[in-house]
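Chain by chain, the residues:
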Amino acid sequence: MEPSFFVVQTLNGLASASALFIAACGLTIIFGVTRIVNFAHGSFYMLGAYFAVLLADRLLGIHYGPLMFWVAVLLAALGAGVLGAVMELTLLRRIYKAPELFQLLATFGVVLIVQDAVVWLFGPQDLLGPRAPGLTGAVDILGHRFPVYELMLVFAGPVVLAAIWLLFNRTRFGILVRAATHDREMLAALGVNQAVLFTAAVFLGCALAGLAGALEIARKPATPHMDVNIIAEAFVVTVIGGMGSVPGAFLAAVLIGVLQAFGILVFPKITLVLVFLVMAVVLVVRPWGLLGRPEPQLRGEPAMMLPLAPWSRTASLWALAGVAALVAFPLIADAFALKLVIEVMVFALFAMSLNLLLGLGGVISFGHAAWFGLGAYGAALAVRHLGAPMELALLLAPLTAGAVAALAGAFIVRLSGVYLAMLTLAVAQVVYAVAFQWVEVTGGDNGLIGIWPSDWASGRLAYYYLTLMLAGAGIALLIRVSFSPFGYALRAARDSALRAETVGINVRRQRWAAFTLAGAAAGLAGGLYVFSKGNIDPGALAIPTSVDALAMALLGGVQTITGPILGAAALHLMKDFVMPLTDYWRVLLGLVIIGFVLVFPGGVVGTLRGLAARRGGEASR
Amino acid sequence: MSIHRAVRDAVSRRAALGAIAALAGLATAILGIASAQAQDSIRIGELNSYSRFAAFTVPYRNGWQMALDEINAAGGVNGRMIEVISRDDGGTTGDAVRVAEELVSRDKVDFLLGTFLSNVGLAVADFANQRKTLFIAWGPLTDALTMAKGNPYTFRIRPNTWMQVGMLVDAVKDLDTKRWAIVAPNYEYGQSAAANFKTLLARVNPDAEIVVEQYPALGKIDAGATVSAIEQARPDAIFNVLFGGDLVSFVREGTTRGLFEDRTVASMLTGEPEWLLPLKAEAPVGWIATGYPWQGVTEGPHAAFIAAYREKYDETPRLGSMLGYVIMYMIRDMLLEADSTDTDAMVAALEDFSFESIVGPVTIRSIDNQGSFGAWVGRIAVEDGSGTLTDWRYYDGTDFLASEDEVEAMRGD
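From first to last, the protein sequence lines stand for chains E and W.
1 is the number of the first residue of the first sequence in my numbering; add one for each residue after it.
1001 is the number of the first residue of the second sequence in my numbering; add one for each residue after it.
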């Protein structure tokens, strides 16, 4: 490699790093203060880009010059910040006390709404912004032409870092932000107005996201997909740096930017997976990220989890009635209704398997799609490459997913909280990348097709009963496990890991076993899914599938045993019901999710039970 | 009872009523009650990514809608009207197969039409094969749809990746270029375009060599690093498969860094209005690209279509609009030929089917169900602040179809 090329490629890497850092540092600030993982961060980045394109076009039309361009960029950032503050005031403020997953889900609802709003407001076509006046040229660096704008970006990252440092260390606001990052309850006890502080922090974070998006308009068009493209990387940068640490985010961005610039020379296809590989390695070696600290322990009881009601005779009767209804359902249903209910049953098993981790274990898995997809791919590959019949493939599905879950789980359960969630995300993304990239075996992004059931099960009715039997058995097993000593040990570890250890429960081993079991159950769901659809592609392994599972579990209520089944039915049927009605069905989905989170902070079944309990209490008074 | 309490109760009662209404609606939807339908019309089940890829699919919808209105206004097909039931396919294979299932088993459509993404197209094609239903694909470019994973029930008119690469290679074969760079998005379309390019280039120019290949992730190009990596290999020419936002970043970085100076660039799809319009005045001048130069069409039925389309929708046609229009007329001709909506009759009608499109005659050959519809190749220029194609010519797809031996070697059926 020529030395001059080495220098230029390093600069390329640093320019990307700056862009990435500015996009990610707002996320880390918001998390540090509010403890909310803001899934909608990418949406504010996208809004910043759209605002900047429109403003810059308008302002440069009035007067062409650098001043107008930068005014547009700053106004766009402010606009994104203001919208962020609106989100804080109307949504986040109501759910600070909700479980973190609810917060994640609510911000995901915002993602859906913004996505459709952007298409509706600005049109579906990519919007190309102007290049930055005065910075369109190139400078000569060791014989290579290097764009001035990129050179400016190389310095923009450190400038933003310095500005944030000054803000945090030289102003009262910054001191309060740092204090809140350390210990927000102590801060509250000292009489600091948290409401204003939180709004300001979210404003700042979203404005930074908007700034990052606005800076990008000179390099790429504003598109309706740019939110999703940035959010995973912003997460990764935040996690590698250590959640809440701004300098850590900077380090991580530089690490990723430079690795990427040189990585593509050796492996041109590496970009897909590189960031997640780096994150997985960092989390295994340094569980809190490069400059992060263990999450501060919140005082008081983690009161969100109600104890599970014991399995009663009434519950058995209900379960029996449910199974009977499903057995009789084909009598009144047409072919498509059967198909829908097959899918609902598959997703119910999938959601139940996630709930074993979420509800019983208190372990947040953000990459549950990995096990669903591995089961599906395990079955599909067995059919495709080994010529296995459906029966064998359906057996291999949970085994494949369970085996990989056991392997990955061994590393994952060493972490906790958000870091654990992010490691599960990284694992899922690596699995996704393998399925995507290993074209010879997995068929790449086109996936595998022609995976249909054996002849005896190929009729709709036969497959319906097969699914009912297998998914039903899986769900029954998961329920049984929840009330076994193993289930009680998991719940003990969830409510107080320390006390559980004290009485001799090996928390990690319990969680590891739960992880493996949940993986296998999700794998079975994946296997059933692939034979019902006839095809599988990497989309089944992607983030939206994980989010679907979370939404199902949460809508039903994680602290109940049967909630996820209802959640799966509600979400899947709603999707099928709403999608044909409008091109903007994502807005509706997003609104419903947010509405649910606001109205039923404990999930449907949980909230109803809470209401019933309260009403009972009132009556007895 | 306090007023406060009364209001709350009223609200909750209304909420309960709303919930009951919603549940009833849902139950209706699940059980498929209320599906009274006119049986005398011909029903087409149409599914596409209207929500996720509106910039491409909405012009296509306009195109087929226009043809549909014309056909029905002229009396339909042998007196039967054509009815299109159009749905969003969600942009994922899972959703698309469910929607296709609903169209076939509940809406009782006679055949399926549509899809944009290649993986979605393949999944729906496989579903059609399983259910022995005709499927006419609109958008997917993947070769697999008619070759390696082709099936008897799936037909495509649009020229696939292999054909479009072949046309581009033909357009550059006489240029003095030895050292080629390839830059393509890292997914099936990009990879197979790159692979086709290597194969086809070696056939016309055995001395040529590929000196560098870059495969940035779709939508996430690190343009500066990619441009430098290509520049470092000092190619004579670049084969580009990037599109959309990735292409814009690549063009801006490459132009500023002088990557395209004195280099030939052959580029897939860049000349289509869908991709040219967002580039505005920054369309890369001089690139040789496949596309749709509607501005240059001045006579014949094609020009009439363009005028009518602009009149009706107050926008310029995209490639997708024209394809949607052509396909709907092809469907009419197929129905006339088959004189039935029986799947076997329609499939039989489409085998070695010839029809006259607004662009010219098109044949669907029976060996792979791929149509001979062609594409335009020209040089990109900028006129009045937006990109167009100049020096273009229409390449008839017939000459660029994969040979029958190649198809036979790949197809399983």
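A few of these clues could be false.
Unchecked claim - Below 27 Å or equal to it, Euclidean Cα-Cα: the simulated BS3-like pairs (lysine-lysine) are:
#, chain 1, residue 1, chain 2, residue 2
1, W, Lys1178, E, Lys575
2, W, Lys1220, W, Lys1280
3, W, Lys1312, E, Lys269
4, W, Lys1132, W, Lys1108
5, W, Lys1132, W, Lys1173
6, W, Lys1132, E, Lys269
7, W, Lys1198, W, Lys1220
8, W, Lys1280, W, Lys1312
9, W, Lys1108, E, Lys269
10, W, Lys1198, W, Lys1178
Worth flagging that the hints you see were computed from the coordinates, not collected in a lab.
Right, here's what the structure says about each hint:
Between the alpha carbons of Lys1178/W and Lys575/E the distance comes to roughly 53 Å, so the proposed pair goes past 27 Å and is violated. The straight-line distance between the Cα atoms of Lys1220/W and Lys1280/W is roughly 21 Å, inside the 27 Å bound, and the hint therefore holds. This hinted pair does not check out: Lys1312/W and Lys269/E have alpha carbons roughly 45 Å apart, beyond 27 Å. The suggested pairing of Lys1132/W with Lys1108/W holds, with an alpha-carbon distance near 13 Å, which does not exceed 27 Å.
Of the pairs offered as hints, the one joining Lys1132/W and Lys1173/W is violated, with about 43 Å between alpha carbons and a cut-off of 27 Å exceeded. At roughly 38 Å between alpha-carbon atoms, Lys1132/W and Lys269/E are farther apart than 27 Å, so this suggested pair is violated. At most 27 Å may separate the alpha-carbon atoms for a hinted pair to count; Lys1198/W and Lys1220/W meet this at roughly 24 Å. In summary, the hint linking Lys1280/W to Lys1312/W is supported, as the alpha carbons are separated by about 24 Å, within the 27 Å threshold.
The suggested pairing of Lys1108/W with Lys269/E is violated, with an alpha-carbon distance near 44 Å, which exceeds 27 Å. The suggested pairing of Lys1198/W with Lys1178/W holds, with an alpha-carbon distance near 12 Å, which does not exceed 27 Å.
Hints 1, 3, 5, 6, 9 from the list above are not met by this structure, while the remaining hints are.
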